[in-house]
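Fit chain Y to the known structure of chain U by using the hints.
Each chain, written out:
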Amino acid sequence: MNQEAGTDLKRTHGHAVLLRKSSSSKMALKEKVVQIYESFFQGEDPSVGNPNFWDEFFLLRPNIPFIEGEFDKVSGEGLMMLKDNLNTLFYKAVESLKEDNVIRVVNAIYTMSALVRGIYRKNFGGFGFDVINILIGFDAAETVMQEMVENLNHILNGEYPTAIKQQVLKFIMVLATACDNISQNTLLEYLMINSVFESIIQILGNVDLRLVLGADAVQVLTLLVQYRKYESANPYIVKLSILDDELALTGYAQVVLGALSDFNREYQCRSTEAQAGWFSAFASMVGNMFVPDEKHVSAVRANDLVLLALYEAIHLNRNFITALTHTHTPSTPTTPPSSPTVPMSNPLNDPAPALQNLDKALLEQSSHPTNLLVTFLEYSSIVMQDTKDETRHSNAKLCLVILTCIAEDQYANSLMHDVNINFRVKLHRMPMRHRKVKVEKDTPSRPLVCALLDLMVEFIMSHMMKSFPLELYNRCLGITQRVLCYQKKCRVRLQYPWKELWTALINLLKYLLSNESNLLKKHNNIFHLSSKIVNIFNLFITYGDTFLPNPNSYDELYYEIIRMHQVFDNLYSMALRYTTSDGESKESAARLTNHLVNIKAIINHFSPKVDSWAAANQLSSLTEEQVLDVVRANYDSLTLKLQDSLDQYERYSEKPRESAFFTTLVRSVVSDVRKSVSNLAQYHHQVLQSVAEM
Amino acid sequence: MLLTTMSTESSLNAAHFERSLSASAVDHTTNKFLSEDCKKDQNGNEQETPKECLLDQTANGHGEKLEEISCRFRNGHAEDGADLSDKIAALKVESNGLSTVSEEEKKEKVKGEVLGKPPLPKNKTNSNAGKQSWLLRLFESKMFDMSIAISYLFNSKEPGVQTYLGNRLFSFPEDEVDFYLPQLLNMYIHMHDVAEAIHPYIVYRCRQSVEFSLHTAWILSAYSADVLKPNWKNSQGIKLKNMILNEELRPKVDKKVGNLPSPTMPSALHPFTATTPSKKTHSRSKSDATGIYSKLTHSQTTGNLQKSSTGDLSSGRAFDSGCICVQSSEGIVNDLTGKETVCHCGAPRLKPELEFVNALMNIGTRLQHLPTKELRTSRLIAELAMLNLNLPARVWLPFNTSNHHHIVRIPHTQAIVLNSKEKAPYLLYVEVLEVENVYSSHIPGKRLENTLRFTKSEEDLTTCYSRNNGSPHPEFSIYGGSEFDDAECWSQEDDEILQFAVKTRSVDTLSQFSVESTTSADSKDPVYIAAGDIRKRLSEHFTAPKSKFERDPEDPSAAALKEPWEEKVKRIRESSPYGQLPNWKLLSVIIKCGDDLRQELLVYQVLKVLKNIWDLEHVPLWIEPYHILVISNMSGMIQPVDNTVSIHQIKKHSKKSLKEYFIQEFGAVNSEGFLTAQRNFVQSCAGYCLVCYLMQVKDRHNGNILLDNDGHIIHIDFGFILSTSPGKNLGFENSPFKLTHEFAEVMGGLESDMFEYFKILILQGLVASRKHMDKIIPIVEIMQTGSGLPCFGNGVNTIRQLKERFHLNLTEEQLQLYVDQLVESSLNSLTTSLYDKFQYFTNGIL
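Chain order of the listed sequences is U and Y. Okay, so the first sequence: first residue is 1 according to the working numbering, each after it adds one. Okay, so the second sequence: first residue is 1 according to the working numbering, each after it adds one.
Isolated chain U, as found in the complex (with noise of 0.2 Å):
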């Protein structure tokens, strides 16, 4: 029988002969398996009789588009009409799975991503049909569902061949994404209770199945986590929050890692070439002024499901910190080729050939040991350089949500100082007419908070433009502040210069003055992002004795206030202006106003006595050390308010502030991965080839 069987499977696959022999039908040529779908979409059932037929039937390449066309032909009535026929065949697909025929296998997994996908199609014509009822049966669903998900794992943890491994994984991401909204599909309810986590976890800790599935696992896994977040305990939320395997969650790092890491590498050859030559720069320049880089932004757009992983991971597990900052070693060819230990690192990270073109430096940069911190500090770098459109707006937000939930996070941040643990990060900066791209061959190695306080400052100087991203600097500023706070808090005096975090405020306070008018039409709340601005530096006066790198910096921070006191002044004096008139700004303009006391305090008590050391001197410009000996000399008679809360900050939360824009992400994120299994059948012979070959 199953030989037969099999020498029918090739003719069908074969294309030569397409009905059996035994057939005495002369109908014009049709797939066999076609005609068996006509039957069933016509309220037969070809089984019945034939106790072979299900055996039979499962070794016949399905054919999806076919099934998802009858789905279309079918009127909602004729659907219900179809129930049971539909119930027999998604109950023998589940059946079938637990085959030892991969063959049977792989075509049960694809004729129920056919049924699935094709139910939910119907869906969207808007008949309010139960889907469960008629795909499954209700009497049997619970059960049916509960042998499919068993079924399912035995598949994803058994001597398997890993492309049937990943063909069940994308089936469950048919069933994950058959809704625009993840929350109303009711069949992942089944998922809920009979749960694919320890699979998904299992694949994630073995490095060999890992850089295959991984990607893919961790995919299901964000998806499922999706599924009714802010209502219901999900169990794969509860489960990833206290994941300890350290060998899964360094894989769910890596996963994530070697998909950013293909971002940031491609960016990289697109810049290098574009930096060949001053004219192709200014060419291509020109060129994307008026072509936007369609490519890039969907390039850029593919990332959110890899960031919303990284995000669900961080913020729901403590553990993951640990993997956060877990160095990964590029593989390189000096390991001896004696010992037994299989390559450490993950191909998605190993220099693709692309890599050979590029220089030497490259090479030489790639040899770096990396974690995911620093790629993703690098990914954030090239995101955040342009947040015009929306999808990049988003993903840079979502960058900055992330670097949120880090900047809290205590472990991190022990990590992120710790002087041991030292990484050059390359961030990427955007050309800008008043600045050259500095070409920074030899950042130092450094604690990686130096990365992250780096690329603050980098947002900050870079975003000053008419369409202000108010919401991602007021993120920026916080960030900034829990590093500050943390510092504090634990006496870390990092060395950092300063200065260019003091600059780069100042600069921001000056682009809000001056375009006061046209950003209040906006939004209301510059006064609020001033007094982010403000506080920051009332954190370095009066706390900065806790964290300065050295006592100069401190005199340096009051030469630069008093350098730049027009600015404070001018802040000052708008702030006040609000708090007379009766707007809805007023409130904000007084807390401004409050905030700006010690700064107002510092000019006040040394501009006179710089002033008069001038005069005394005779001098019409002192220079930077004149400056700061006279600051230096006049400390003592200066006293500043102790302001309240400065180092408090209110902790992240997702829910509900976030909520909105979670569930906006998780539907787009939702329809590119519907999108992305939805060729499934151009695998069919790639994958039976991979079982052959087994």
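No wet-lab data here; the hints were simulated from the structure. Fair warning: there could be bad hints in the mix.
Straight line, CA to CA, 25 Å or less: simulated SDA-like cross-link-like pairs of lysine to any residue [said to hold, decoys possible]: (1) U/Lys-499 to Y/Ile-529; (2) Y/Lys-536 to U/Ile-536; (3) U/Lys-92 to U/His-684; (4) Y/Lys-651 to U/Val-419; (5) Y/Lys-655 to U/Pro-551; (6) Y/Lys-536 to U/Trp-613; (7) Y/Lys-536 to U/Asn-604; (8) U/Lys-98 to U/Glu-56; (9) U/Lys-609 to U/Val-630; (10) U/Lys-600 to U/Ala-504; (11) Y/Lys-562 to Y/Ser-671; (12) Y/Lys-655 to U/Val-419; (13) U/Lys-510 to U/Arg-577; (14) Y/Lys-652 to Y/Asp-642; (15) U/Lys-388 to U/His-528; (16) U/Lys-609 to Y/Asp-533; (17) U/Lys-532 to Y/Ile-529; (18) Y/Lys-570 to Y/Pro-582; (19) U/Lys-499 to Y/Asp-533; (20) Y/Lys-536 to U/Asp-555; (21) U/Lys-92 to U/Asp-139.
Pair ranges (Cβ atoms, derived) [unchecked claim]: (22) Y/Lys-570 to U/Gln-686: 57 to 67 Å; (23) U/Glu-471 to Y/Val-527: 32 to 42 Å; (24) U/Ser-653 to Y/Thr-543: 36 to 46 Å; (25) Y/Glu-436 to U/Asp-208: 36 to 46 Å; (26) U/Leu-619 to Y/Lys-570: 49 to 59 Å; (27) Y/Asp-710 to U/Arg-632: 38 to 48 Å; (28) Y/Ser-671 to U/Ser-645: 43 to 53 Å; (29) Y/Pro-582 to U/Pro-497: 42 to 52 Å; (30) Y/Val-527 to U/Ser-637: 11 to 21 Å.
Away from chain U, derived, C-beta distances all over 12 Å, residues of chain Y [to be verified]: (31) Val-569; (32) Pro-620; (33) Asn-633; (34) Glu-672; (35) Asn-794; (36) Asn-809.
Keep in mind that this is a model prediction, so the values were computed, not measured. Just so you know, even glycine gets a beta-carbon here, dropped at the ideal spot from N, CA and C.
Same frame as chain U, but now just chain Y:
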């Protein structure tokens, strides 16, 4: 002096001695035994050739008691009928019998000493043999020790003597034999006759101890590296090494229990490839030992899919032999009843530790290819983090002294790349848990780095799920020290409590003000602070005297090594998830790759002997022999000396002269602290001057001289000794030892009493060493055999010159003059300062 006269007589007495032992038969049997030792049966056991006669021979000297035992044993086993197992058992009993004898001897000796009586004659049967040779009398005397044994093994060509000595090895305490293991094994490799004599002993020890097997295998592979063309005469070392590494020398457990693999199974020859047990065990141990299992594995789901992953670092089980005996129900029962669990599942015994050491060495090899120190450091940390995934495991640092522990974690960010241009040695700290028995104690479960952090809102609903692993580690801080204690559990609500805690500790900072301001947020009293205070506190922080070196990316080891060991331990303990366990300990090790440590090992042995001699003679010279582990001729491990920094690093980072540094560290010149440190300095300096002179230690730049926190100096790096020196033996440093005026300054100047004391110490040390010269010479001499070590470049002259440096012919007065002369010429040596300058210009060593 007795010994030297004895040795001249040895040839005369040899014939007589041979007769008294009537050992010719032994010779034949062992010969046959060795030639056949590579033939094995399918069980992986050797097909032991008849050994009974050997037994009988040895019994001749040691009494019938032994023979009796073995006979009884043989009879007991005769029912089995199995010829083979019979013979194996016989051999085992022979060795056991001997060791029991030694036990009795020891007891007797102890008793005798306690009672203040001379030790009793060892054996009644011996005493009636009136016509003993001098040699035998020496061997039977109580002064006979390992040192004499190896020297006679080396010098005597008489098979009878050799066999006798080979058997006597069984009666020495194991650690005494272990000290001379390099010598024994070097003879094993290069001297076929000695190999025959000591083979039974080595095999016996290998079967007994994993540790011994590993050391033997490593030393064998290191010293047989010079054997270019293996022939019948010198291939025995390699054969033995392969036997050990193929795990053919396993303890002989009860044959009934050990499941004999079928002879048709090819994999039986390599037991470690057949680790199928790991699969079936998972289900079994789960059901049998639910209690312990659930504790050991939390969300470890990766097990099922992996087959044998030993050695695969990314598997997380690289150092797992697949042995389940300890985890099995039997193991748990034994654990509860206090019995030892013996592994009988056939899992490889040596593999995990070998893999671990191998992994450390591979890291070193990979680091060598990286150009900068910065790259090496970050790479090292990355590689160790990878290694960490596979811990805790049943692996340990293979130094003799620190045997009983399991490594649970490597604090990877603390590891440092040491200063070296081409090679990349690195220093590594390991957290271990001390255990009673490495092989049968339970390995602790994995704990993640950050056991306690604040709970996020999403986690609150999951508290019921979260596993409760005892008291989670309460503190972590990367910078250590009390001032960072508040770096913890940092949620909004906790803030105030913490700040309150800070306040109660009355730390003089602003935090207390902010407590007041936040707690009394409603009251509108503003708090004022003076800007001057803030600035003052800031500068005070920086002017405060610091005992630390600033971190320097070009020389990361300086800052790390300067940190006092106690502080480092405390800091790492606080940040470790295993830190609160009572048996937690921190160890350190230097991994060297691409360096031949065999000379280092030789010097270690000489230093150790010298130290013992000086202790024995009550000469207060101070030296610190540090452990060396030779893994191969190109790699090894060094036990770092705690609390030391090199003089180069001191001068570079403190920018002070050595004396100024002493004053800074230990107090004013007349303070007790300084004087103690000065005395330590003088005693250690004298010790090492003598070592440098006797062993002709070269390459003495300040990077190779350490100073510990008591003021002792410690010389390291013995890459150039005896007849080799840097720079193609041009004789750059031709002074007897390194003694600079700076050193003399620390001692109080050339005219000072301490300097006189220094010279007296050298003289006393030299006189004492001369007295016991015979303990030193054989160690060096034996290692010359067949060795390609550069320090023996001058051939026989090397040993002759070494002997000459003891100046046996000088009177004490003459010796005193000679020492004065040595000191004088060292102090005034141009080449010493030239060499220091040379090092400064080429390697930047101050």
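In rising order, the numbers of the hints this structure does not comply with: none
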